[in-house]
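6 protein chains.
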Amino acid sequence: MKNNLLEKREDGRSGSDLREISFERGYTCYAEGSCLVSFGKTKVLCNVSVEEKVPPFLRGSGSGWITAEYSLLPRSTSTRVPRDISKGRLNGRSSEIQRLIGRSLRAAVDLEQLGERTLWVDCDVIQADGGTRTAAITGGFVAVVDALRYLWRSGKVGVIPLRSHVAAVSVGTVKGRLLSDLCYQEDSHADVDMNVVMDGNGNYIEIQGTGENGVFSKGELQDMLSLAANSIEKLVALQENALDMDGEELEALASS
Amino acid sequence: MKNNLLEKREDGRSGSDLREISFERGYTCYAEGSCLVSFGKTKVLCNVSVEEKVPPFLRGSGSGWITAEYSLLPRSTSTRVPRDISKGRLNGRSSEIQRLIGRSLRAAVDLEQLGERTLWVDCDVIQADGGTRTAAITGGFVAVVDALRYLWRSGKVGVIPLRSHVAAVSVGTVKGRLLSDLCYQEDSHADVDMNVVMDGNGNYIEIQGTGENGVFSKGELQDMLSLAANSIEKLVALQENALDMDGEELEALASS
Amino acid sequence: MKNNLLEKREDGRSGSDLREISFERGYTCYAEGSCLVSFGKTKVLCNVSVEEKVPPFLRGSGSGWITAEYSLLPRSTSTRVPRDISKGRLNGRSSEIQRLIGRSLRAAVDLEQLGERTLWVDCDVIQADGGTRTAAITGGFVAVVDALRYLWRSGKVGVIPLRSHVAAVSVGTVKGRLLSDLCYQEDSHADVDMNVVMDGNGNYIEIQGTGENGVFSKGELQDMLSLAANSIEKLVALQENALDMDGEELEALASS
Amino acid sequence: MKNNLLEKREDGRSGSDLREISFERGYTCYAEGSCLVSFGKTKVLCNVSVEEKVPPFLRGSGSGWITAEYSLLPRSTSTRVPRDISKGRLNGRSSEIQRLIGRSLRAAVDLEQLGERTLWVDCDVIQADGGTRTAAITGGFVAVVDALRYLWRSGKVGVIPLRSHVAAVSVGTVKGRLLSDLCYQEDSHADVDMNVVMDGNGNYIEIQGTGENGVFSKGELQDMLSLAANSIEKLVALQENALDMDGEELEALASS
Amino acid sequence: MKNNLLEKREDGRSGSDLREISFERGYTCYAEGSCLVSFGKTKVLCNVSVEEKVPPFLRGSGSGWITAEYSLLPRSTSTRVPRDISKGRLNGRSSEIQRLIGRSLRAAVDLEQLGERTLWVDCDVIQADGGTRTAAITGGFVAVVDALRYLWRSGKVGVIPLRSHVAAVSVGTVKGRLLSDLCYQEDSHADVDMNVVMDGNGNYIEIQGTGENGVFSKGELQDMLSLAANSIEKLVALQENALDMDGEELEALASS
Amino acid sequence: MKNNLLEKREDGRSGSDLREISFERGYTCYAEGSCLVSFGKTKVLCNVSVEEKVPPFLRGSGSGWITAEYSLLPRSTSTRVPRDISKGRLNGRSSEIQRLIGRSLRAAVDLEQLGERTLWVDCDVIQADGGTRTAAITGGFVAVVDALRYLWRSGKVGVIPLRSHVAAVSVGTVKGRLLSDLCYQEDSHADVDMNVVMDGNGNYIEIQGTGENGVFSKGELQDMLSLAANSIEKLVALQENALDMDGEELEALASS
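Residue numbers (full-length UniProt numbering), protein chains in the order written: chain A, 1 to 256; chain B, 1 to 256; chain C, 1 to 256; chain D, 1 to 256; chain E, 1 to 256; chain F, 1 to 256.
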């Protein structure tokens with residue numbers, strides 16, 4: 001499969017190319033961290049709010065918490081989707097995605113050093129063209145770092161309690177071709193769809209692979225894992241660039 | 001009260017000045033009409049979706065419908081507000097506002113000429129600094145017009161079924177001063193708060209005045225009504241400019 | 001428009017006549033204040049309950065609170081309406097109305113003097129023939145006063161913490177005629193529908209005007225405001241009569 | 001136990017006396033049958049609505065249906081009870097009571113002769129002083145009969161499809177005394193509480209006996225059943241009187 | 001009616017025979033009391049959990065509480081029933097049944113001696129062939145006793161706070177025959193259906209009789225009561241046998 | 001890590017041993033397929049119901065569907081968990097698990113050959129000691145096959161529309177040791193937790209790996225994947241044995 005990675009896709013990308021990625025920091029003005037992340041036409045607004053308390057199971061533990069919520073705006077998709085509230089319940093897909101985002105971003109932060117406070121990461125999808133959950137994790141990371149910088153600048157934490165970068169990408173096979181960062185059109189024709197979350201050191205945080213339309217072999221799995229690792233390396237570099245930390249901040253990081 | 005309209009407010013405006021108003025059309029790519037409206041720091045994304053059916057009470061009537069939904073993103077405000085779904089129900093304020101938006105925008109459109117279809121107007125507040133409902137109406141109008149143009153261009157309606165502009169503004173009195181387009185800080189200190197919706201001909205569509213903190217006299221009411229009319233005239237001009245209709249479209253309008 | 005105020009309506013009233021108004025105080029036996037108010041065939045049971053605590057945002061403030069709930073009995077209307085609970089949520093209209101009732105009645109009471117307690121005003125519509133919200137406000141006022149008298153008689157407050165009467169009326173235009181206190185039949189044909197809440201001194205508390213079926217001009221607005229003021233003056237007199245305060249009570253009022 | 005039936009209770013009744021019973025027919029104007037029933041201070045508004053369709057399980061069967069809903073107004077009781085909707089669900093007690101009312105009233109009517117229509121019996125408790133469910137059944141019967149008369153008068157049914165009277169009473173033992181038609185004060189001290197629903201011929205429709213505070217013997221059971229039968233006989237006579245049928249109606253009944 | 005009690009039913013039982021009854025104690029391993037009870041094909045898993053607190057209305061009273069929850073597994077019945085959660089609310093029948101189970105089992109226990117703790121009795125129907133509520137009470141009793149023994153063995157209570165056995169059975173008439181312990185097929189054709197809950201001394205705890213399909217006479221009632229008493233005597237003996245208490249436990253009981 | 005696979009765990013297993021696995025087919029009598037699966041103390045009741053229709057998105061497609069629901073009985077765990085319905089919503093974890101079960105089992109069946117019908121797979125956890133989702137998939141497969149055999153025996157499908165076995169296992173690392181089929185105690189101390197679903201030919205259907213407590217390296221991932229493949233091979237053999245197909249059935253399979 002690998003040898004066709006150079007063939008062009010509909011939007012001109014090779015199989016291993018990411019879409020155009022951007023991080024617009026400070027997109028809204030009240031959140032302690034705010035980032036509008038774009039993976040091509042997929043746009044997710046990630047706002048991080050600091051709350052000075054933790055859920056009951058952590059009270060008195062000295063440790064902090066990160067929780068995420070994920071929602072599609074009704075017309076973020078090509079057909080309008082009704083709001084959760086009009087059905088009276090959170091849909092299963094959203095619930096699953098926001099649990100994934102929360103777990104992934106908790107891996108990025110030293111929760112002990114964060115102290116007894118909660119970061120709420122609100123991921124609202126403004127426009128959806130596939131890969132919204134991986135965009136939310138990758139952009140959510142940037143907003144989380146800005147919230148940590150805010151805490152550090154305001155003297156609430158002594159160091160910037162970051163453990164590592166966290167980024168995510170979807171990979172999959174479509175009609176026998178191995179592709180990275182699938183757009184909606186590709187995703188809806190994928191035989192296998194895999195979301196991979198990794199840290200900045202090439203370790204895994206989460207792997208979720210699904211044979212949407214049948215099963216996948218051990219060889220296909222290995223190919224997808226390699227491609228994902230390669231794509232995440234690129235995303236980490238883009239995050240680093242967007243975060244644009246100054247020397248003082250890097251030192252505050254180093255001590256953590 | 002009127003004579004102090006020229007005194008400066010905290011942000012440098014006179015009492016009768018509007019904040020900086022902008023309409024970013026085509027903000028998202030799937031909606032038939034999409035507009036990010038800004039009234040200063042208040043930013044509302046208005047997406048209009050066309051659905052080719054009407055609610056039960058209009059089936060077979062030949063007439064169309066416009067309905068609105070309104071929601072605050074959790075961190076659109078200075079303190080995070082929980083999502084409706086986390087409480088299991090739409091909050092009363094949102095419900096009231098979306099009914100107001102729906103009524104106001106229905107006044108803008110000739111529903112008979114629209115035919116048996118529904119326009120869903122989703123107003124999602126990205127950032128809230130007072131006046132979100134009036135921004136939603138004013139920007140929702142622009143998105144509705146774009147959806148009507150889309151219907152006309154695609155031949156689904158023979159004319160652009162617009163009756164008139166619709167715009168809205170909040171006016172109020174704060175410590176004895178009469179102010180237009182209140183920001184959140186002003187609004188939270190207002191003695192009287194009034195939302196006025198008018199058409200492009202100086203007629204009223206909706207008036208909602210509340211003595212938040214006591215009562216208001218007949219004189220105060222008249223002053224507020226004048227200021228509102230003046231502000232709405234400006235908003236209509238700004239809408240017209242943003243809509244930037246070409247000759248063919250204006251003609252399609254004229255015939256309606 | 002005004003000159004046709006003397007023409008008879010279907011039920012024999014002139015345009016400016018109110019329907020037959022009555023206040024049946026002490027309609028139920030447990031509530032601290034209870035009043036069955038009738039505006040013609042519209043009948044609303046207003047029960048006021050005193051709770052010796054306030055919502056979280058007022059705790060420790062020394063100030064009291066008034067909150068209202070509004071509900072239609074299922075067969076208060078000509079066609080049975082399902083209960084809210086059978087749909088699992090409060091309907092939008094009820095939510096909007098009960099917020100209006102609460103705001104209006106809070107304007108009647110000196111909340112500081114009330115002290116840290118809440119008045120719950122339950123407005124249950126027994127029979128609905130238009131104008132249920134204005135009847136609820138006007139009758140709710142009477143029940144609130146009785147609850148205040150109860151508090152004063154039982155020594156819980158040193159004065160009767162009343163600021164002013166509060167009464168409400170609907171006015172509107174139907175086929176070009178200006179009408180006060182619209183019954184359901186008139187209301188459903190109204191071009192403009194306006195609810196006005198005023199105090200006993202001719203000041204406004206709340207104005208809500210809606211062009212149900214189009215727009216309304218500045219002239220029409222002024223006519224409706226005059227008619228409303230005139231009608232509310234009558235309602236205040238009727239309330240005063242129904243309340244039938246004795247000298248001691250009037251004095252307790254005076255000192256407030 | 002029986003021999004103390006003549007001793008006076010707090011309100012002056014003997015053990016076997018009912019409270020003052022009244023049926024106010026036509027209490028509201030829209031319902032096809034409407035009755036405000038009073039058992040002393042317990043007041044229940046029973047409104048019957050005719051719907052020209054049946055639940056899915058009866059469609060095409062030719063048979064009709066009767067269903068009931070039961071609700072306490074918030075301040076019908078000495079302490080305000082929150083509305084079901086504020087908790088988001090029907091409480092268990094209300095659900096149980098409305099199922100009982102529905103079953104009981106279905107026994108009164110020949111559902112085949114009723115035809116494919118549903119009677120909705122809304123029982124709203126205006127004031128509660130014990131025995132609300134038995135009052136609702138007894139008064140609901142009167143409202144159902146009026147709805148059947150309405151159907152017959154309007155020619156929708158050829159006969160008045162009534163099978164028998166239905167009435168209900170609570171009996172119980174309080175500190176060793178056998179009492180009928182318990183008020184709230186008595187009910188809350190009852191050792192045994194029994195609700196009995198019977199027809200006009202002395203047959204049982206429903207028996208629900210509960211040892212609230214321990215158990216009850218076979219002898220106690222027999223005493224309670226006798227007292228209930230005696231009380232229901234009185235209630236049936238009062239219903240008959242209230243219904244005040246004319247000769248034509250009695251004949252329409254006879255033919256059924 | 002009695003004389004046909006010896007005729008065989010479809011499954012070979014006489015009218016007064018119970019189905020095969022079994023109690024499988026310790027069916028699950030975590031609950032303080034656990035019993036899978038079978039009445040023929042009806043199987044209910046009763047798990048009792050001890051919680052070291054009581055509902056608000058008992059706090060500080062020194063008294064304990066027993067509460068029950070009842071639910072059908074979706075395919076416990078011949079046609080799959082949707083889960084409550086898929087409709088968003090507990091169905092009325094389940095709510096009514098779990099209230100009955102709770103009341104019945106509270107009669108078995110000396111709540112003062114239980115102390116301020118709650119027994120949660122979860123009755124989950126694995127397979128339903130009629131009589132699930134009576135099986136739940138009868139088997140729930142066994143699980144409650146095991147939870148009480150656990151509390152006594154672990155020294156949390158000084159005696160086993162049992163007042164009496166509690167067992168329940170359904171009786172009814174089907175086509176004129178008097179039957180005990182009706183299976184679903186019989187139950188669905190019953191003219192009268194009666195659930196009787198009694199203690200080990202022949203006293204009543206609860207009686208619920210319903211004329212499902214018409215009314216029932218005094219004679220029928222007496223026959224059903226006799227048959228129920230006879231059946232419950234058998235169930236109590238079976239419970240005693242299943243509980244298999246040793247001498248020490250019987251003594252701990254005796255002292256209570 | 002692999003070399004410590006032979007060391008004993010607390011329950012005497014080596015790292016690669018499964019717990020005692022059993023499949024009790026026909027556990028309940030109404031479901032078309034029913035299997036109580038045990039993975040040690042973890043017991044899940046899997047009932048499959050056939051419904052002769054499909055969800056809207058498949059109507060007219062000729063293709064069938066499989067959907068799953070998953071729920072914990074309240075006292076399946078060491079501490080009682082409240083029912084979903086008492087909170088009014090399905091919890092996020094259950095929702096995520098039932099989506100996984102549904103996807104996994106759909107991979108086992110030829111949905112075209114199944115025809116326009118739905119298999120509902122209800123997985124109710126009777127007792128939970130870790131690995132409930134993998135037990136539900138593995139046991140659910142057995143119940144699904146029995147439902148397919150039922151359809152084939154009753155002539156509703158011409159072949160048994162099975163594509164392959166589907167089984168699942170959890171693997172993970174606990175304090176540096178690689179373990180298969182983790183019990184709750186192990187799972188709660190796992191650094192990495194991975195659920196793997198495979199078919200009978202060694203292909204993947206779903207992989208979900210989570211660094212619960214940090215991250216995991218590429219080497220660890222490969223070790224876990226090998227162990228999972230090995231365990232699933234054993235589970236498939238056990239399923240085959242439990243299913244005990246006769247020659248006729250195997251032939252019906254072969255033709256599919």
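Among the hints, erroneous ones may be present.
Quick list of in silico lysine-lysine cross-link-like pairs, BS3-like style, CA-CA up to 30 Å [said to hold, decoys possible]:
hint: 1; chain 1: A; residue 1: K87; chain 2: D; residue 2: K175
hint: 2; chain 1: F; residue 1: K175; chain 2: A; residue 2: K87
hint: 3; chain 1: D; residue 1: K218; chain 2: D; residue 2: K234
hint: 4; chain 1: B; residue 1: K175; chain 2: C; residue 2: K218
hint: 5; chain 1: B; residue 1: K87; chain 2: A; residue 2: K53
hint: 6; chain 1: E; residue 1: K87; chain 2: B; residue 2: K53
hint: 7; chain 1: D; residue 1: K218; chain 2: E; residue 2: K175
hint: 8; chain 1: C; residue 1: K87; chain 2: F; residue 2: K218
Derived coverage of chain F by chain A (criterion: at least 3 residues anywhere in the stretch with Cβ under 8 Å from a Cβ of chain A; other residues may be distant) [to be verified]:
hint: 9; stretch: 18-31
hint: 10; stretch: 89-98
Hints listed in this document are in silico derivations from the structure and should not be mistaken for laboratory results.
Since this is a predicted model, take the numbers as computed values, not measurements.
Note that the Cβ used here is the ideal one computed from N, Cα and C, for glycine as well.
Evaluated hints:
1. Distance hint between K87(A) and K175(D) is unfulfilled; the C-alpha atoms sit about 51 Å from each other, more than 30 Å.
2. This hinted pair does not check out: K175(F) and K87(A) have alpha carbons roughly 44 Å apart, beyond 30 Å.
3. A hinted pair counts as satisfied when its Cα atoms are at most 30 Å apart, and K218(D) with K234(D) qualifies at roughly 25 Å.
4. For the suggested pair K175(B) and K218(C), the alpha carbons sit about 27 Å apart, so the restraint of at most 30 Å is met.
5. For the proposed pair K87(B) and K53(A), the alpha carbon gap of about 19 Å is at most 30 Å, so the pair holds.
6. Among the hinted pairs, K87(E) with K53(B) is consistent with the structure: their alpha-carbon atoms are about 27 Å apart, no more than 30 Å.
7. At most 30 Å may separate the alpha-carbon atoms for a hinted pair to count; K218(D) and K175(E) meet this at roughly 27 Å.
8. The hinted pair formed by K87(C) and K218(F) fails the criterion: a straight-line CA distance of about 52 Å is larger than 30 Å.
9. Only when three residues or more bring their CB closer than 8 Å to a CB of chain A does the claim for the stretch 18-31 of chain F stand; here the count is 0, and the claim is violated.
10. Beta-carbon proximity to chain A at under 8 Å applies to 7 residues in the stretch 89-98 of chain F; the threshold of 3 is reached and the given coverage holds.
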